[in-house]
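The lines below spell out each chain.
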Amino acid sequence: MPQRILLGDEAVALGAVHAGLTAAYAYPGTPSTEILEFLLDLEERHGGPHAAWCANEKTAYEAALGVCFAGRRALVAMKHVGLNVAADPFMNSALVATHGGLVVAVADDPGMHSSQNEQDTRWYADFARVPCLEPATQQEAYDMAREAFDLSERFGVPVVLRLVTRLSHSRTSVEVGEAREQNVVRKAPQPSTWVLLPGNARRQWQALVDRQAEITATMAASRWNALTLNAGRRELGVITTGISRNYLRENLPDLGWEPSHLHIGAYPIPADKVRALAAHCERVLVLEDGYPYVERLMRGLLPPGVAIAGRMSGEVPSTGELSPEIVRTALGIPVRAGVALEGFVLPNRPPQLCQGCPHGHAYTSLKEALLGYGATMVTADIGCYTLGALPPYSAIESCVCMGASIGMARGAAEAGFSPVAAVIGDGTFMHSGIPSLVDAAAANANMTLLILDNQATAMTGVQDPLVTSSRLREIVLGCGVDPAHLHVVDAHPRKVHENAAVLKRELDHPGLSVVIAVRECKVAAKKRARTTTAVTS
Amino acid sequence: MTYDIVLAGVGGQGVLSMAALIARAAMAEGLHVKQSEVHGMAQRGGAVQAHLRLSDGVIESDLIPRGAANLILSLEPVEALRYLAWLSPAGTLVTSANAFVNIPDYPAQEEVLRHVRALPHAIVVEAERIAEESGDLLAVNTVMVGAASHLLPLASASLEGAIRTTFNRKSEATQAANRVAFAAGRRAAS
Ligand code: SF4
Chain A
10 MPQRILLGDE
20 AVALGAVHAG
30 LTAAYAYPGT
40 PSTEILEFLL
50 DLEERHGGPH
60 AAWCANEKTA
70 YEAALGVCFA
80 GRRALVAMKH
90 VGLNVAADPF
100 MNSALVATHG
110 GLVVAVADDP
120 GMHSSQNEQD
130 TRWYADFARV
140 PCLEPATQQE
150 AYDMAREAFD
160 LSERFGVPVV
170 LRLVTRLSHS
180 RTSVEVGEAR
190 EQNVVRKAPQ
200 PSTWVLLPGN
210 ARRQWQALVD
220 RQAEITATMA
230 ASRWNALTLN
240 AGRRELGVIT
250 TGISRNYLRE
260 NLPDLGWEPS
270 HLHIGAYPIP
280 ADKVRALAAH
290 CERVLVLEDG
300 YPYVERLMRG
310 LLPPGVAIAG
320 RMSGEVPSTG
330 ELSPEIVRTA
340 LGIPVRAGVA
350 LEGFVLPNRP
360 PQLCQGCPHG
370 HAYTSLKEAL
380 LGYGATMVTA
390 DIGCYTLGAL
400 PPYSAIESCV
410 CMGASIGMAR
420 GAAEAGFSPV
430 AAVIGDGTFM
440 HSGIPSLVDA
450 AAANANMTLL
460 ILDNQATAMT
470 GVQDPLVTSS
480 RLREIVLGCG
490 VDPAHLHVVD
500 AHPRKVHENA
510 AVLKRELDHP
520 GLSVVIAVRE
530 CKVAAKKRAR
540 TTTAVTS
Chain B
285 MTYDIVLAGV
295 GGQGVLSMAA
305 LIARAAMAEG
315 LHVKQSEVHG
325 MAQRGGAVQA
335 HLRLSDGVIE
345 SDLIPRGAAN
355 LILSLEPVEA
365 LRYLAWLSPA
375 GTLVTSANAF
385 VNIPDYPAQE
395 EVLRHVRALP
405 HAIVVEAERI
415 AEESGDLLAV
425 NTVMVGAASH
435 LLPLASASLE
445 GAIRTTFNRK
455 SEATQAANRV
465 AFAAGRRAAS
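Those protein sequence lines, which keep their order, are chains A and B. Each residue of the first sequence is one higher than the last, beginning at 10 in my numbering. Each residue of the second sequence is one higher than the last, beginning at 285 in my numbering.
It should be emphasised that the hints constitute simulated quantities derived from the structure, not laboratory data. Mixed in with the good hints there might be a few duds.
To be verified - Here are the computed lysine-lysine pairs in the DSSO-like style, where the Cα-Cα straight-line distance is at most 30 Å: (1) A:535 to A:376; (2) A:282 to A:376; (3) B:454 to A:536; (4) B:454 to A:535; (5) A:531 to A:513; (6) B:454 to A:531; (7) A:536 to A:504; (8) A:531 to A:504; (9) A:376 to A:196.
Build the full structure now, drawing on both the sequences and the hints.
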């Protein structure tokens with residue numbers, strides 16, 4: 010079979026293509042971004058399947074849902090916190106009788122390399138009562154993506170594919186198979202199963218609950234859940250999920266023997282196999298890159314019949330991503346000594362805004378405008394500009410979730426704080442800032458919104474914006490902002506003081522004002538120059 | 285045989301292109317390769333690392349275990365020192381001498397290099413000077429791959445082949461500069 014060198018993310022994308030994918034939708038977010046990047050590139054070179062960035066994860070999910078309503082196969086991809094945004098369509102799509110296969114690829118970020126939390130998507134799959142597959146290798150990512158579509162069509166539910174950073178962003182060779190044809194367009198036969206009015210929803214919910222026994226049995230028997238018992242030794246059994254199996258195997262040569270082992274790659278968990286392992290062993294070590302999901306299910310409320318070791322009992326750290334060392338320590342093997350560095354303190358090198366980044370100029374203006382007030386407040390959002398929380402700028406004071414800056418500023422203003430500024434990028438504003446701006450405009454909240462329009466979703470690798478700067482202004486006006494208090498300025502270094510004066514004036518205005526600071530991201534400009542040359546040469 | 289390499293540098297310096305060159309050569313020799321990369325936030329001028337594992341057998345972990353790396357290959361001396369816990373006591377550190385100063389508390393450069401040179405197996409390469417002399421300042425990555433080429437379990441010809449394939453759509457001048465840069469880097473570390 011042909012081999013391809015693929016990132017874990019790319020393996021998911023190609024697996025979906027070979028499963029007969031018709032369309033894929035996503036909002037960029039590390040570590041999931043490369044799934045759609047791969048598909049966009051493929052579409053550009055081969056004309057399909059269709060791939061598109063969307064305004065946010067919810068709109069992406071709904072577009073995918075429409076594809077499967079029309080009987081075809083769809084993929085929607087996002088980072089873990091993106092599923093919070095798409096939680097509404099996700100939870101409800103479990104109740105409709107999905108028609109074409111729907112696969113939800115979610116990349117978790119244990120250790121929070123590029124995220125605000127390390128929530129574990131397996132809980133979401135459980136919450137929605139849908140199957141979940143968790144690859145341990147890039148090969149499994151490819152194979153599971155293919156299989157997930159079949160499972161989705163068989164059970165009429167979306168299927169979650171849970172990835173983690175280290176798999177998403179590691180590349181190796183993958184054996185790929187034959188491509189399946191796409192489904193033909195064929196509308197879902199019983200529209201009532203898609204109309205979740207209470208009467209239908211009750212019936213659909215009951216049907217989903219009734220299907221659980223069959224789903225659970227099928228997933229438990231899956232080839233991705235493998236139990237091997239060591240007949241000769243009972244002192245230890247190990248449960249791994251996803252990539253923790255790689256860390257176990259990496260360390261086995263030094264352990265010197267092979268404990269009984271259950272690997273879980275398909276959920277709901279294979280309860281009988283867990284019980285068989287527990288019955289065979291005196292102690293079970295549970296290794297999960299993420300929350301202690303399996304461990305918590307095993308422990309339940311009453312004392313378990315077997316000693317369980319894991320994140321909840323301290324053998325594995327309670328937070329953070331797994332590593333070969335953490336697994337090694339949990340197995341009781343001393344960590345190998347590396348090379349020591351003595352008498353030298355390494356400086357940290359946190360990420361920072363690029364040299365000449367327009368956000369830097371905008372922050373200089375904002376800080377200048379805020380001078381001279383007593384206490385000030387700057388709420389902010391998620392993107393490159395979040396780095397403005399660090400020195401030398403130290404310009405912003407919050408970063409909670411996509412779009413939170415505007416709502417928080419409104420609330421703080423209504424709590425009586427003044428002056429309040431909110432900072433959001435153009436991408437994040439389109440993602441989930443608009444509804445909050447509608448709120449703030451309706452309330453004429455005493456706050457100033459600074460939109461940093463750099464014409465790119467820069468942090469995740471400079472994706473193109475969905476709307477141009479000129480339309481951004483119209484959108485802001487359409488939210489109900491008073492044109493007298495809307496300014497579009499150029500975030501040019503020479504205009505720093507001029508822009509500070511505009512901001513200062515608007516901070517003093519007792520009501521809502523919006524300043525859009527426009528200047529293209531340096532990296533986006535470079536990328537555009539490159540593609541233009543490539544096209545002309 | 286397993287050969288583990290921690291590649292280090294600052295976001296934007298080209299750590300991933302260095303990894304890609306070596307990975308390409310290893311695959312041409314029929315080895316298994318796993319390459320773990322850092323994407324996202326850290327790429328904005330922060331400390332960046334990649335783990336590259338080469339083996340004639342199955343590679344399990346995407347991450348190199350601590351104390352197991354055969355080689356640290358770094359584009360920046362402070363970044364080279366950041367991952368010493370991963371370096372096997374028998375392993376070697378190969379780093380560019382050129383500091384990338386984008387933090388206010390960057391230590392004195394001589395001090396950094398003194399600590400690098402005090403390590404049991406360390407090679408310091410004047411990568412920027414060599415790249416410039418080779419005709420392309422951007423060929424620093426290729427210089428460093430050349431410098432590491434004595435240590436890698438790969439034929440020099442495979443690495444040269446990987447450089448050819450990587451740059452074959454670039455200008456003739458870029459191709460030539462990279463050929464020269466590889467050879468000069470190799471000489472500098474011999
Ligand atoms: S990528 Fe663009 S937006 Fe992000 S820091 Fe660099 S210049 Fe600024």
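Each hint tested on the structure:
1. With a CA separation close to 28 Å, the supplied pair residue 535 of chain A and residue 376 of chain A stays within the 30 Å bound.
2. At most 30 Å may separate the alpha-carbon atoms for a hinted pair to count; residue 282 of chain A and residue 376 of chain A exceed this at roughly 60 Å.
3. As the CA atoms of residue 454 of chain B and residue 536 of chain A are separated by approximately 17 Å, the hinted pair is consistent with the 30 Å bound.
4. Simply put, residue 454 of chain B and residue 535 of chain A have alpha-carbon atoms about 17 Å apart, close enough for the 30 Å limit, and the pair holds.
5. In summary, the hint linking residue 531 of chain A to residue 513 of chain A is supported, as the alpha carbons are separated by about 27 Å, within the 30 Å threshold.
6. Between residue 454 of chain B and residue 531 of chain A the alpha-carbon distance is near 23 Å, which keeps this suggested pair within the 30 Å criterion.
7. Under the criterion of a C-alpha separation no larger than 30 Å, the hint pairing residue 536 of chain A with residue 504 of chain A is consistent with the structure, at around 25 Å.
8. Annotation: proposed proximity of residue 531 of chain A to residue 504 of chain A holds, straight-line Cα distance about 17 Å (limit 30 Å).
9. For the given pair, residue 376 of chain A sits about 56 Å from residue 196 of chain A by alpha-carbon distance, which is inconsistent with the 30 Å threshold.
Violation of the numbered hints given earlier is confined to hints 2 and 9; the remaining hints are satisfied by the structure.
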